[in-house]
Structure formats: C-alpha cells, structure tokens
Amino acid sequence: MTAVATPAAPKNDAPAFDPGAPPPATLFQDIWRGIGKENPVLVQFLGMCPTMAVTNILANGFAMGVATTFVLVGSGLFVSLFRKYIAHEVRITSYILIIATFVTLADMLLAASFPDISKALGPFIPLIVANCLLLGRAEAFAAKVKPLRAVADGLGMGLGFTVSLSALASFREILGRGTILGMPLFGPRFEPWVFLMMPPGGFLTLGIACLTVAYVIEWRKKHTLAARSA
Amino acid sequence: MGHLSWIFVSTLLVNNFTLVMFLGLCSFFGVTGKVETAWRLGLANTFVLLLTALSAWFLNSYVLQRTPFLRTIAFIVVIASAVQIVEMAVKKYLPILFRQLGIYLPLITTNCAILGLALFQTSRNYTLVEALVFALGAGFGLTLALSLMASIRERTELTDPPVVARRMGLVLVIASCLSMAFMGFAGMGSAD
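Heads up: the sequence lines are chains Y and E, in that order.
Position 117 of the first sequence, counted from 1, bears residue number 117 in my numbering, the numbering being contiguous throughout.
Position 59 of the second sequence, counted from 1, bears residue number 289 in my numbering, the numbering being contiguous throughout.
Some hints here could point you the wrong way.
Claimed, not checked - The following label-pair restraints were derived from C-beta to C-beta distances:
1. Y:Arg220 with E:Glu387: 25 to 35 Å
2. E:Pro392 with Y:Ala226: 15 to 25 Å
3. Y:Trp219 with E:Trp236: 48 to 58 Å
4. Y:Thr179 with E:Gly232: 39 to 49 Å
5. E:Ile326 with Y:Lys84: 33 to 43 Å
6. E:Ala319 with Y:Leu109: 31 to 41 Å
7. E:Ile326 with Y:Leu181: 49 to 59 Å
8. Y:Leu185 with E:Pro298: 34 to 44 Å
9. E:Pro298 with Y:Val90: 22 to 32 Å
10. Y:Lys221 with E:Ile326: 39 to 49 Å
Derived from the structure by calculation, the hints contain no laboratory data.
Idealized CB from N, CA, C, for every residue including glycine.
Modelling step: build the complete structure from the supplied sequences, incorporating the hints.
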C-alpha cells in the first residue's frame with residue numbers, strides 16, 4: 001500500500017501584493033524620477049514625434065514641453081481620482097478621453113494667449129493625444145496611486161520632457177540658425193548649419209544626445225569598477 | 231487626375247509621414263527589427279489610415295461643422311474604434327501576424343500618423359477622394375519607411391558597433407541618413 005504524499009498547502013500569509021503598483025516613494029522622489037533616471041526623452045524614448053518635429057527652435061520646444069506638462073498633470077490627477085470607478089475593460093478609452101479633454105484645453109489656451117507659437121506648432125498640439133508618454137504614465141502610474149503622487153509624477157515627467165526638449169532645441173537653434181530665442185549669437189560671418197533645421201537634423205540631434213548619454217553611463221560604469229578594484 | 235496623383239506622390243515621398251514629418255515614430259523604432267513584420271504592420275496601418283480618412287471626412291462634413299472644439303476628442307474616439315475593428319479582424323483571420331505585432335497593434339491608436347492624417351486632412355480641406363488618396367499615399371509611405379529601416383537593421387544585427395551605439399544611438403543615426411535621402415525629393419515641390 002502506497003501512501004499518496006499530499007503536497008503541503010502553500011502558506012498564504014504573505015502581505016497583499018498589488019502587481020504593477022509603483023513602490024512607495026516620497027513626493028520629491030516622484031518628481032525627480034521623471035527628470036533623471038526615467039527621463040522620458042533621453043532614457044525611455046517616449047513621445048519622440050513631438051521631440052523631433054518641434055525642436056527646431058527653442059521657443060517651440062519649450063512651449064511644447066509646457067503644454068505636455070499641463071496635460072500630464074491634469075490627466076494624471078483625473079485618472080487617479082477616477083481610478084476606482086473606471087472598469088478595467090474600458091480603461092484605455094477612458095484615459096484617452098481624459099487626455100483628449102486636457103489637450104483640447106491646452107490647444108485653446110495656447111491659441112488664445114500665444115497665437116504665433118500656436119500657429120508654428122500647428123497640428124502638433126492636438127497630436128499630444130497620441131503621445132505614448134501620456135497613456136503610458138496614466139496606465140503605469142496614475143491609475144495605481146493617490147492623486148497627489150500622480151500629480152507629482154506628471155510634474156516630474158513633464159519637467160523632464162521640457163528640459164530635454166529645450167536642450168535639443170537650443171542645440172539645433174544655436175547651430176542651425178546662429179540665434180537663441182531669436183537673438184543672433186554670432187557675427188555676420190557665421191554660416192548656419194542649415195542641415196540641423198531640417199528633418200534629418202532632428203534625428204541626428206537626438207542620436208547625438210543618445211550617444212552622449214550612453215557614453216556618460218559607460219564612463220561612470222568604468223570609473224566605479226576602477227574605484228572598486230583599487 | 232494629375233492633382234490626385236500629385237497628392238499621392240508628395241505624401242509618399244516628398245512629405246513622407248515618418249521620415250520627413252516625424253509621425254508614427256514609435257512603431258518606426260519599435261517594430262523594425264524584421265522586414266516581414268515591418269511591412270505587415272505598415273499595411274495594417276494603411277488600412278486603419280483609410281478607415282480614418284473616411285470617417286474623419288464624414289465627421290467633418292456632417293458633425294463637426296458646429297462643434298469644432300470637439301475635433302480632437304471625436305477623432306481619437308473614431309480612431310480607437312477603427313483600431314479595435316482591425317485588431318479583431320487580424321486576430322480572427324491572421325493569428326500569426328497578431329502574435330508577431332503584439333502590443334504594437336493596439337498601439338496603432340496612439341500612432342501619431344493616424345491622428346495626424348485626420349488633422350492635416352481637415353486643415354487642407356480635402357474632398358473625400360483627395361482624402362482617400364492622401365491616406366493611401368501616407369500608408370504606403372509608412373510601409374516604405376518601415377521596410378527600409380527594417381532591412382537596414384537586419385544587416386546591422388550582424389555587425390559589431392561600439393558599446394555606446396548598441397541601443398538607440400545607431401538606429402537614430404541610420405534614421406537620420408534615411409531621412410536625408412528623402413530630403414532629396416524635396417526638390418519636387420510640396421503639396422500645400
């Protein structure tokens with residue numbers, strides 16, 4: 001007669017684990033994450049269409065960053081407020097609707113207060129709706145935390161986006177036009193690098209930025225290794 | 231006829247959606263690992279673009295005349311539904327393709343090329359036929375860009391780039407060269 005060994009029932013006393021919920025952090029960490037370690041442009045490569053399309057001059061890049069920040073904060077707040085009422089099956093559609101509402105607001109505000117910039121950005125303001133960064137943050141972060149943290153995260157991501165966009169745009173404007181915010185920087189003998197103002201220049205600028213970031217990471221890795229072995 | 235073919239050629243080459251207008255870059259960098267997947271995603275996109283052009287034209291002519299402020303919201307809802315239909319069709323009839331495309335199929339919703347098409351079509355006041363030709367040109371342009379990029383990336387898989395260029399750096403520089411090649415068509419003029 002063989003005794004059938006019954007496997008011991010798994011103990012069920014582990015603390016409740018919410019899969020995918022971001023780990024607890026202070027507000028400052030929530031804000032800083034978007035600017036540094038999870039920078040949307042330079043590290044995560046989210047929302048690249050506006051990144052390259054509007055960064056030919058600094059004013060446009062900055063305005064785009066501010067508009068995106070506004071939408072990130074607003075949609076983060078509302079997604080988080082309604083997180084318990086939105087059914088799982090229709091969540092993407094609901095997030096998109098919330099985002100689209102804020103994009104429409106941003107579009108109208110910009111058109112009313114800065115008509116020149118609004119005209120220069122053209123369809124790229126309504127196109128914020130289709131920026132993967134917004135849906136990504138709504139799904140991965142805002143839908144799982146309290147409103148205050150969602151706003152902090154939106155602010156951080158928006159700031160990181162604005163800073164990277166402004167940096168790329170300054171690079172392109174300074175070298176491609178010889179101006180910064182419209183003011184000439186160099187003397188009349190400066191020959192602008194027109195290539196940078198054209199579409200391929202956008203790809204190249206982001207490529208250079210990306211190579212630089214990778215170089216810095218490698219350099220730091222090498223130094224910490226050297227410091228450890230010394 | 232000449233007008234229509236000019237819209238087609240100019241969206242396909244001169245103002246290529248991906249390489250010159252920077253629309254739909256997520257899938258351009260995300261799904262271009264294999265030629266096969268790339269051109270199939272391009273065709274799926276073309277189909278969604280045609281559906282969107284059709285519905286955006288109807289919305290513009292009959293619904294949005296009096297409520298222009300609802301344009302963005304209306305367009306995105308229509309696009310999301312169109313993508314849902316395509317997703318169900320692909321899942322039913324082409325299950326292998328469905329698995330290959332993975333997350334990038336539902337992500338067509340947040341493909342700026344689709345919404346961009348609807349917005350450009352509105353701002354340029356295209357008629358229905360013009361809009362459909364525009365969508366076809368844009369879709370083939372996307373397919374062209376995706377397949378070109380994928381075939382170059384298949385080659386670079388076998389090479390040994392420097393450590394710093396392993397991730398996105400190399401891909402972005404390749405994209406820059408491709409875009410430069412497409413700038414050559416700019417001499418043909420522009421559609422606006």
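Outcome of the hint check:
1. A hinted range of 25 to 35 Å holds for the C-beta pair arginine 220 (chain Y) and glutamate 387 (chain E), which are about 28 Å apart.
2. Judged by the Cβ atoms, the range 15 to 25 Å given for proline 392 (chain E) and alanine 226 (chain Y) holds: they are separated by roughly 20 Å.
3. In this structure, tryptophan 219 (chain Y) and tryptophan 236 (chain E) meet the distance hint of 48 to 58 Å, their C-beta atoms being roughly 51 Å apart.
4. Our hint of 39 to 49 Å for threonine 179 (chain Y) and glycine 232 (chain E) holds, since their Cβ atoms are close to 40 Å apart.
5. Between isoleucine 326 (chain E) and lysine 84 (chain Y) the beta carbons are some 39 Å apart, a value that agrees with the proposed interval 33 to 43 Å.
6. Checked against the given bound of 31 to 41 Å, the beta carbons of alanine 319 (chain E) and leucine 109 (chain Y), roughly 39 Å apart, stay inside it.
7. Take isoleucine 326 (chain E) and leucine 181 (chain Y): their Cβ atoms lie about 52 Å apart, and the range 49 to 59 Å holds.
8. In this structure the supplied range 34 to 44 Å holds for leucine 185 (chain Y) paired with proline 298 (chain E), their Cβ-Cβ distance being about 40 Å.
9. With their beta carbons about 27 Å apart, proline 298 (chain E) and valine 90 (chain Y) fall inside the hinted range of 22 to 32 Å.
10. Checked against the hint of 39 to 49 Å, the pair lysine 221 (chain Y) and isoleucine 326 (chain E) passes, with Cβ atoms roughly 40 Å apart.
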